[in-house]
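Participant: Below, each chain spelled out in residue letters.
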Amino acid sequence: MVPPASPAQPVRHVLIVEDDHKLAAVLARSLQRASYTCTIAESGDQALWAVDARPPDALVVDVMIPHPSGIEVCRHLRSSGFDGPIVVISARSNADDRAAAQRAGADRFLAKPFALAELVSTLDSLIDPRATS
Amino acid sequence: MARRPGLRVRLAALVAVGATAVLTTAALALYHDVTSGLSDAITTELEVRLADLVADLDDPAGAAATQRPVVAQAVDATGGVLVPAGATPLLTHAELAAALEGEVLVDRPVRGIGDDARVLARRLNDGNGDAVVGVTATTTAPLVHVRDRLVVVLLVGGTALTVAVALTGWVLAGAALRPVRRMAQRAQTISMTAPGERLPVPPGGDEIAELGRTLNAMLVRIEATIARERAFIDDASHELRTPLAVLRGELELATQDDDLDAVRQGLRSALEETDRLSRLSDNLLTLARVDAGQLPAGPVCTDLLDAVRAVVARIPCQDRVTLTVEGVHKTVRGEPEWIDRVVTNLVTNAVQHAKSKVRVTVDVDADGVRLTVADDGPGFPDELLPRAFDRFSRGDGARSPGGIGLGLAIVTSIMQALGGSARAGNGPPLGGARVEVTLPDHGA
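As you go down the protein sequences, you meet chains A and B in turn.
One rule links them: number in my numbering = place in the first sequence (from 1) + 24.
One rule links them: number in my numbering = place in the second sequence (from 1) + 58.
A couple of the hints might just be wrong.
As the list claims (entries may be wrong) - From the structure, some residues in chain B lie toward chain A, with a derived Cβ separation under 8 Å:
#1 Asp292
#2 Val304
#3 Arg306
#4 Leu311
Claimed, not checked - Simulated restraints on C-beta separations:
#5 Met250/B with His91/A: 49 to 59 Å
#6 Asp377/B with Asp107/A: 46 to 56 Å
#7 Asp364/B with Gln126/A: 50 to 60 Å
#8 Ala245/B with Asp107/A: 20 to 30 Å
#9 Asn274/B with Asp107/A: 25 to 35 Å
#10 Val386/B with Glu142/A: 14 to 24 Å
#11 His91/A with Ala282/B: 38 to 48 Å
#12 Gly254/B with Gln126/A: 18 to 28 Å
#13 Gln474/B with Asp107/A: 50 to 60 Å
Note that these hints are calculated values from the structure, not bench results.
Keep in mind it's a predicted model, so treat the numbers as computed, not measured.
For each residue, glycine too, the CB sits at the ideal point set by N, CA and C.
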């Protein structure tokens, strides 16, 4: 069981960009249990709109999503000044895919299927490195 | 097993053997021509002197005084030398006997001339009608000398020429095969992990250039096939890993949840994902079987209209979509399992995207038996239509709500295996998507 956040801890908002509804829901439930609030975008366009409307503390982005791709979303956000953590998730996990994500500005790359606890700890460490050090 | 010599060595050897044959023939012809010409000249000289000998018989004193390069004698039937008187006979008894019968022409040593000499003896008649044999002899040393020299020249020159021709053949073969060697060297470095490399093709339109172009075209086809296979593996991996991620996530959350209803909900979701994985693995297995050629048309025939009705009867859509079936009974060649798979994929796809109507028609056109599945949904997106039958093809690469982009790929693969074809479009008869598959007609 993921322990609830302490009352003093600020609410952290994560944008999940994933077009598979069930996976997006599972990720959201997992993050909500770790005291994150979540918004789900099903496409690259929706993700960019969502970031404009409410900049999240972090993004979890699938690579293979409707236009533009997750890699393009990363690149666009970095070029437009977004400096929050971006975790790229993908079913394609070869070196080229990881390198492409890194070049686009992703902070971490998680290959599907991954442990939800790993996603939570990754986000925790990226958002507040001192808290997990 | 002995290794076969290289093509260059074989070409050079072939040239050498050919050159040797030609040169040997030419040398033998030359040798024969020169030596026979010289020999004939010597014999002619002997003949001329023999003719003079008749005059000498009338003037023995003049004959003795004449200095000629040809020795001549006239002997009687007993072997006595008449002209020049008192000289040692040139002929042996056997030669004399033979000459009295006709003519003797022999190469042998002659005293006073040397080891290389020719003797011509022929019966003549003197003015009294008595048998007289005219004998002439001369040296054949020039002939022997020329013959010996010719043998040396032809042997040495011919050998040198043969070697020169072989070397030339070696060099020319090397030059001709250099592009092949370059292609072989490049081919050793070409790897499918770094596609795009091509064999160096020499300029021009000769056979080697054509070979290079043909091999490069083959490389293009192989790379395209490998790229398609890689894309397929990537897509398959993606489609397998996503439900696995959901499955794992649901189970992970369930183990952390105290709420029994939430746990049940999570397990139901996990079950759905296992169904999704089962369908996917089933589809991938079907494609693998088709790709492996395990789908022969075979002798079994199926009534297409009956197959359609069987599929429609088990698809649960009657509350939302009106599904109509019409057409004629026509038999097509193919296992019922595969025909059923085609019809199921097409009808399921249409039902998923239809607003309210799906129409399935079986009829006959010029190409064979045609199955048309049409719906009144939004139709294929324009960007998807050209690759509607590609594997994992979906609008802008995302997952469609109802599938993973393998249904139509399986349809077209089965159609190709059964000798049929598949087409996709939008519009009539219902305004949405329309997919037609055509199979060879095997009667009613």
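Participant: None of the hints should be skipped; say for each whether it holds.
Facilitator: Hint by hint, here is what the structure shows:
| no. | hint | verdict |
| --- | --- | --- |
| 1 | Asp292 | 6 Å, holds |
| 2 | Val304 | 5 Å, holds |
| 3 | Arg306 | 4 Å, holds |
| 4 | Leu311 | 6 Å, holds |
| 5 | Met250/B with His91/A: 49 to 59 Å | 31 Å, violated |
| 6 | Asp377/B with Asp107/A: 46 to 56 Å | 51 Å, holds |
| 7 | Asp364/B with Gln126/A: 50 to 60 Å | 57 Å, holds |
| 8 | Ala245/B with Asp107/A: 20 to 30 Å | 50 Å, violated |
| 9 | Asn274/B with Asp107/A: 25 to 35 Å | 48 Å, violated |
| 10 | Val386/B with Glu142/A: 14 to 24 Å | 60 Å, violated |
| 11 | His91/A with Ala282/B: 38 to 48 Å | 25 Å, violated |
| 12 | Gly254/B with Gln126/A: 18 to 28 Å | 24 Å, holds |
| 13 | Gln474/B with Asp107/A: 50 to 60 Å | 52 Å, holds |
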